[in-house]
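S.K.: Here the protein sequences line up with chains S and B, keeping their order.
Numbers given in this note's numbering equal positions in the first sequence, counted from 1, plus 1.
Numbers given in this note's numbering equal positions in the second sequence, counted from 1, plus 1.
Fair warning: there could be bad hints in the mix.
Label pairs and their computed distance ranges (CB to CB) [what the hints assert, rightly or not]:
hint	chain 1	residue 1	chain 2	residue 2	range
1	S	Arg158	B	Pro479	24 to 32 Å
2	B	Arg20	S	Thr487	50 to 58 Å
3	B	Asp415	S	Arg158	46 to 54 Å
4	S	Asp17	B	Val463	46 to 54 Å
5	B	Ala252	S	Arg18	40 to 48 Å
6	B	Gln113	S	Arg411	49 to 57 Å
7	S	Asp114	B	Glu424	34 to 42 Å
8	S	Glu21	B	Arg146	52 to 60 Å
9	B	Gly300	S	Asp17	33 to 41 Å
10	B	Glu424	S	Arg161	36 to 44 Å
Since the hints were made in silico from the structure, they are not lab data.
Glycine residues also receive a C-beta, built at the ideal position from the N, C-alpha and C atoms.
There are 2 protein chains.
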Amino acid sequence: MKKRYAAALLGTVALDRAREEALYRQLYFAIRDAILQGRLRPGTRLPSTRSLAADLDVSRNTVVIAFDQLLAEGYVEGRTGAGTYVSATLPEELLSARPGQAGPRDGAAPAQDRLSARGRFLAGIRSHGFAQPLPFSPALPELARFPFDEWARLLARHWRYPKQEFLVGGDAAGYAPLRAAIAAYLGAARAVRCDPEQVLIVSGAQQALDLATRVLIDPGDAVWIEDPGYAGIRGALAASGASLVPVPLDAEGIDVAAGRRRAPQARLAIVTPSHQYPLGVTMPLTRRLELLDWARGAGAVIIEDDYDSEYRYAGRPLAALQGLDGDGRVIYIGTFSKVMFPGLRLGYLVAPKDLVEAFRGLRQLVDSHPSSVAQAALADFISEGYLAAHVRRMRALYAKRQAAMVAELRKRLDGRLSVSPDESGMHLIGYLDDAVDDVALSKAAADRGVVVAALSRLYIDVPPRKGLMLGYAGVAEPTMRRAVATLAGAFDAFFAGGMDPREAPRMALGQGRSGA
Amino acid sequence: MKKRYAAALLGTVALDRAREEALYRQLYFAIRDAILQGRLRPGTRLPSTRSLAADLDVSRNTVVIAFDQLLAEGYVEGRTGAGTYVSATLPEELLSARPGQAGPRDGAAPAQDRLSARGRFLAGIRSHGFAQPLPFSPALPELARFPFDEWARLLARHWRYPKQEFLVGGDAAGYAPLRAAIAAYLGAARAVRCDPEQVLIVSGAQQALDLATRVLIDPGDAVWIEDPGYAGIRGALAASGASLVPVPLDAEGIDVAAGRRRAPQARLAIVTPSHQYPLGVTMPLTRRLELLDWARGAGAVIIEDDYDSEYRYAGRPLAALQGLDGDGRVIYIGTFSKVMFPGLRLGYLVAPKDLVEAFRGLRQLVDSHPSSVAQAALADFISEGYLAAHVRRMRALYAKRQAAMVAELRKRLDGRLSVSPDESGMHLIGYLDDAVDDVALSKAAADRGVVVAALSRLYIDVPPRKGLMLGYAGVAEPTMRRAVATLAGAFDAFFAGGMDPREAPRMALGQGRSGA
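Same shape as in the complex, but just chain S:
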């Protein structure tokens, strides 16, 4: 009876010749599922391959291959001269996993049960897929003018006869000639003082922050961050269990005295001294020395995030904080995302000599080593002068774009949005009256396809100033003019719609409306 049941069950398996999956695999999965779901019990005899092939109208070979696979994996067993049986040794109480046809069931167990505390935090992060570049994304460089033909040529040069070093695992710290090229470049362009062996190649500023916080921070350690500051820093620190200490800014950048009051013994301070993100303050020498002095006294480390210092439009670039450090307390990080393009995924971290081994060790555990050929092409791109030439061209272009945007914004939004030119960077802040809800206004603009992030979102403890972040580097002038017009339209609608708190009280007074 058991045998006839199995024949009846398996004789009706639906095999679909139109599917790409081979028939033997379809049959294998059908029988496997029947066993795992308890429809074919341990000890059940399967029909002969010949009769099952006839029932299913497939070649006998198809059935033989499916049975072989089931046999190899232990679902069935052959008894010499006596046919094929569902393995008697399968403990029935274990056969409860019952995979559905479509893979793991959703929500079988709530995700929180399986996640760590950190994992639960992470699951709540808004992660984004690919986003169409839109005006005025603050970190977007001009992509159309990048010399992709040169870049492709340099890549092809290394792919044509790839060095064994590119194919086998490379150095966890990066490709030596690239490290040398970056050390020379940073020395010349940023007055960073380092040997090539202090340079680690990373996938970008985000990985540099992640590595640095893991190397330097134990859960609960206090870390100074700028308030307002870059949101990606907060995320990286939260993932490492750091205790965030938002430190307010003044006209000279991070307020070291305030930091000393809040957390004198912090382990780490993360700063953007060349061009504070987002406010654009440049930290003067005295404040730099004051910060280094604190770090020396507290035994702390400073991360200098030099995210856009290549773009300085007036005067020469200021030297990096790192070059002032005589005590191995500054980690300098930067990225090629902004001087080349974000999809490149290459950046660097310059560590004090005696911390290099810890970084290299972590990098090795975290993702072994960086990909190789792109590093070799980048080393050539730098040392053959393409990078410097591209930066020079982009510097001239961005200066023009900034001036054009300031003029256009002043023409269209004068009195509602206050913008001033900046000597460096890739974005400006358009300040709003502090009564304006910049988050709602940013949303209204986004609905029209204009990305102007709300400044207040970048504040943590400090009472936020209201404003909009306006990236201009990646926006050609005609597009910029259209985008400013669209933004002006969003302003009109936003304020006309009574959503402006500056308007609301007046309307309430005049019309007896209750306050919002």
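Assemble the complex: chain S is given as a structure, and chain B must be docked to it using the hints.
M.R.: Just chain B, lined up with the frame of chain S:
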């Protein structure tokens, strides 16, 4: 007097016209260092640009540019009509950083003071730079036969007209067409059941392990690992603060009963069920069900590291454990390092649907998103059939190489090293007598350029078996024969040198030597 002192000091600055560094920069650094080191005190008047230029025999413009830079950075200040002075506002007590000429001083503060507990652990990790591929590195595939011309052509296809998506930041989970190609590939080749959105592109198995442990593990959580097992797993777990629970193996793989006794409530088990690393055991169905049953009861997750399952030489590949999971408890990870080449840095992680967001969130914080063009080329490489063809060719090649190596080892080292063929994988284990010091023997072989890792090093708690890891996939037959001869020479020298503990007692008996 001060002015004359400054003129005397600066008039002797050594400017080197032979150096690549511009003269104005050399002068700028010389004056800056003099200020920072206290040789030029706040308030000191600098010589005029004209007289300093004459003293140094440089153009006046060189001095003007250097002074401008010092002025911009706040080291000096100009008094109208009265010359240039070292800034009076520089607080002297802060001028103690004193950067030396050659960058941060080494060992200014002991590294441990600045490192986290994790960082101190990391600093102790033996990290390696690029290593020449040598016989018999266990993870090394054949590189010379990889179709680099096709690969370069696919890359060039995407670089020629790069999609905006490749240049701007991409999806943190990876390039959608690659995720789809991998889901289809894993379904067909490994009976992994997943939708493309469950696939995350990572830089390799190491990053997959790092992400998974951070998403799933809080410091102190217990994690089952195989004993013996892959050392990279231990490193990744230690970096996440996990409490390692080494679980012994039996003939069916990880001993679930032993695991239940040691840490029934572990949060995670990391296993290699297709081909246990390093011993090569294949986990049978009953043990797989038993492991899943434990995970379900304990609320734990299983990581299936399927590191070399493409290379099965007899029978069809066994289905992955992941396909048996009906409960969202298995994370499946794999890499293209072994089927393509390690320098590629691309792998994948298949997560249960409801854990995908946590992984994507962490990936975004950790390094934003994977590099793009290589992902696009890989998607084509898979979907246009190049990968399957390459794996097929390599499978035939590696089977031949394994057989040749077994024959050669048996010819040369019979009785001293015991090897058996294996139906799958890229390495074999040559077992030694348990009295032999395999670490010392491995070192003796390494001195002769043959990399045979000591098996005992991969054990944690279990009394280790002694043996040598013999990777054969990347070793052409003539090289292999030479390497086996070299290895045999190392054996001869090792045992003749009295370093063999099996010999030592005999010698001690005969010659009255005291025991080692």
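S.K.: None of the hints should be skipped; say for each whether it holds.
M.R.: Results of checking the hints against the structure:
Hint check: S:Arg158 to B:Pro479, Cβ distance near 31 Å, so the stated range 24 to 32 Å holds. At about 52 Å, the CB distance of B:Arg20 to S:Thr487 agrees with the hint of 50 to 58 Å. With their beta carbons about 49 Å apart, B:Asp415 and S:Arg158 fall inside the hinted range of 46 to 54 Å. The beta-carbon spacing between S:Asp17 and B:Val463, approximately 48 Å, falls within the hinted interval of 46 to 54 Å.
For B:Ala252 paired with S:Arg18, a C-beta distance near 41 Å keeps the hint of 40 to 48 Å intact. Between B:Gln113 and S:Arg411, the C-beta spacing of about 55 Å keeps the proposed range 49 to 57 Å intact. The hinted range of 34 to 42 Å is satisfied by S:Asp114 and B:Glu424, whose Cβ atoms lie roughly 38 Å apart. Between S:Glu21 and B:Arg146 the Cβ separation comes to about 28 Å, which falls outside the hinted range of 52 to 60 Å.
A hinted range of 33 to 41 Å holds for the C-beta pair B:Gly300 and S:Asp17, which are about 37 Å apart. Between B:Glu424 and S:Arg161 the CB atoms are about 38 Å apart, so this pair conforms to the stated range of 36 to 44 Å.
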